[in-house]
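The task is simple: from the sequences and hints, build the whole structure.
In the order they appear, the protein sequences are chains A and B.
Residue 1 is where the first sequence starts when you use my numbering, and the numbers rise one by one after that.
Residue 1001 is where the second sequence starts when you use my numbering, and the numbers rise one by one after that.
Straight-line C-alpha distance at most 30 Å; calculated DSSO-like pairs for lysine-lysine: (1) A:K190 - B:K1010; (2) B:K1328 - B:K1289; (3) B:K1010 - B:K1027; (4) A:K190 - B:K1007.
Everything labelled a hint here was simulated from the structure, so no lab data went into it.
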Amino acid sequence: MLFNSFQFLLFLPVTLALYFATPHRWRWVPLLIASFYFYMCWRPEYVVLILFSAGVDYIVAILLERTEAKAARRGLLLASLVSNLGLLFFFKYYDFFINSLTAVGSAFSYHPTLPALSLLLPLGISFYTFQALSYTIDVYRRERAAEHHAGYFMLYLMYFPQLVAGPIERSTRLLPQLRAHHTFSADNIKSGLRLVVWGLFIKMAVADRLAPVVDAIYNQPEAWSAGTLVMGTIFFAFQIYCDFGGYSLIAIGCARMFGVELMRNFNHPYLSTNIIDFWRRWHISLSTWFRDYVYMPLGGNTGPRRRYLTNVLIVFLISGLWHGASWTFVIWGAFHGTWSILSRITRDARARIVGEQLGWAPGWFLTLYRTAFTFAMVCLGWIFFRAPTFADASAVYRGIFTGQAGTGQSLPFDTRTILVNWLLVGVVLAWDFAGTGKLRFDVVQRAPVALRYAGALVLLLMFMMFANFGGHNFIYFQF
Amino acid sequence: MQQQDRKGLKTAYLIGICAAILWAVAKTPPIARALTPFEHDTSHGDLYRQCPIQDFALPFPASDRTWQSPPVAEADALLIGDSFSNVAYGHPPLPALLSTRMGRPVAYASNALPNPLRMELPPETRTRRIVILEGVERQLIEFLGPGGRSSRGAPSGLLKAALDFRLWAFLENDAHITYLLTRNRLTRPIAEMIATARYRLLGEGCPGARVFSVDPPMLFLDEETGHSPRGYFYNHTPEVIEDLAANITDIAAGVKERGLEFVFVPVPNKVSIYHDLITDIEYDQFVPKLVAELQSRGVCVVDLVPEFTEMRRAGVQVYHPTDTHWTKVGAERAADLIAEATENGCSAQRDLGVP
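Here it is as structure tokens:
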């Protein structure tokens, strides 16, 4: 089920009413049934995969709790890792692996006989697999006790607001909240609704409007001028931000109505002043997951410098691969990894140069310059993320950097459509600016009533005028 | 619990109950149909129904529902087709037009499972036995390409029941609820107002239908104008065409093995004929290339693209401006060409290399 569907418009109030009408002890039941229903609206048969993952991790965690022998504990953890990552590999990476093997093999006259399977990627598999893994690893590390209540554990993996595209929650945060007794709070409903409305707005009125223009441009990169390619790339940067950021806001808003506070996933990322800052603000739940379960176990930033820079690169490469089974995603990860390393290596030198050369400049100018530079670099990375193939990405880079004139054909969109798209990008950026350093909805709450109603009316009109009610999928569903 | 929370909880219960009732109503066809008369409204064409911009409320012919298909057992020809074979806006439907032109009874079957080999075919007692497979361009890859519906087996009774339940319980929810919430008597005027405002202020259509041309006024199906395998901008590589042609050739060979003649009719998308209204990019000639490939493999095919393009050049309206389907003239010309191909024996003469 999509958040941006009329179906969800009915599903949410029914679930909410059922939840609060049920005695606390049994509240996990309507929530779990609703979560199953939410997921099964897509492909009922794929729920078996979550049940399998949940079954394995539930049993492994309880056994881990009861086992003292180190070797046995390692064996149990390995069983969980193999089953979870095995499923993920099979459904997400098998074809990629076979195709890569075929490509490499043919260079050496080796032709593997394994066929590609063209399996449909189970919705949310990358998200719930990571959530399941973090739970088992936490139990293995004795950072939390195993969850003995199968219903609550299932709910932890299947909690519908964040089931298919995160935020990737930790069991230490989510499970206690699911178990807690939540009384109905009108304030939670109101603030949750505000998040849902803003999330729907940026998804339906911004991301879904930008999508067809981006598609048209990236479908034929050779046909457009350098300026159009730059516009397409900037539009994609905001499309993916509003798409995924919108999803996260709706997820957080929905969970808040049930009394559950999910972690913030985006913190106005395009206002970052450097790449490290960017990754502290973009898809925070994934970045922190990689930090805690990959980067730190690899040694983190302790040890020799070369080792820690290698760790950074490894994390980004895995992160790239997590996003999609394609070499373009791996290159995107490598791009960010390399940039992060260069940023760390040159930090002191850059500070010295800025001090010497730009000492005269006011602080806001330097911040603006750094923000613009970071955004431009992030956009360059997005080209690999968006382009379907390496050749397409190369064509976009070539077009931009050679000042390509294009074939002269016009975009199949009205000029007003393009102008409105720029306007909406400006609205999102302005909203982010307004919210810098504080929770943006506090700004709204503190405004005079008349202003709040006027703002709500403008937002409603803009939503009606600009929203795409076609029920477009969320980009991150494919990951 | 504070007073405002108690009030809020009561409101939440009330909204929850209303939402549950709406869901139940959406799932109850007689009630849902009574409340959403616009779901089946064809008074201005299917694209107008999708996107009710008042400026596009052009005159539209009424649907002629008088024709009844004869039983397949009593027909010489079976036309398996999609909505192009079924629509009758101001003209009899395609099978009726074909019956007249061929002078033979033509039965009609929907192409929901477009593999003729799984259908009831004209019996051996008939003097001629012909299968005509019609498919609109945008559905060819999905329906007749590798892995398309035609290559799937028919589900068993139990599995079918399970699938039907699945559809009822889950997959069709959104369509039912969307219809109920957007096409009822109360919200339809609001939808019209928004669509018209969007068009007048931004020059845009709605999801499902896009406006690309004001003079002449013309709406296009969203999916026809996109980049998916259904869209104008899809990259129809030679491999795509070869795979599709191979599949259709297999179907044709199977039909011939059973002693029937086979004619394939790919109907061009509206946008393939009116592409200059939406883009400077020339049509990639997907249908003519497919036709050439099929002809080289010995399959009898009717190519409507050159004829429709020529008619349009001559100022003839081949497709309705606010509907995805052909006009009376378009349907009649298609029937002429199909009848000509079958009566000239192109379907009987070709050698498909079947042993």
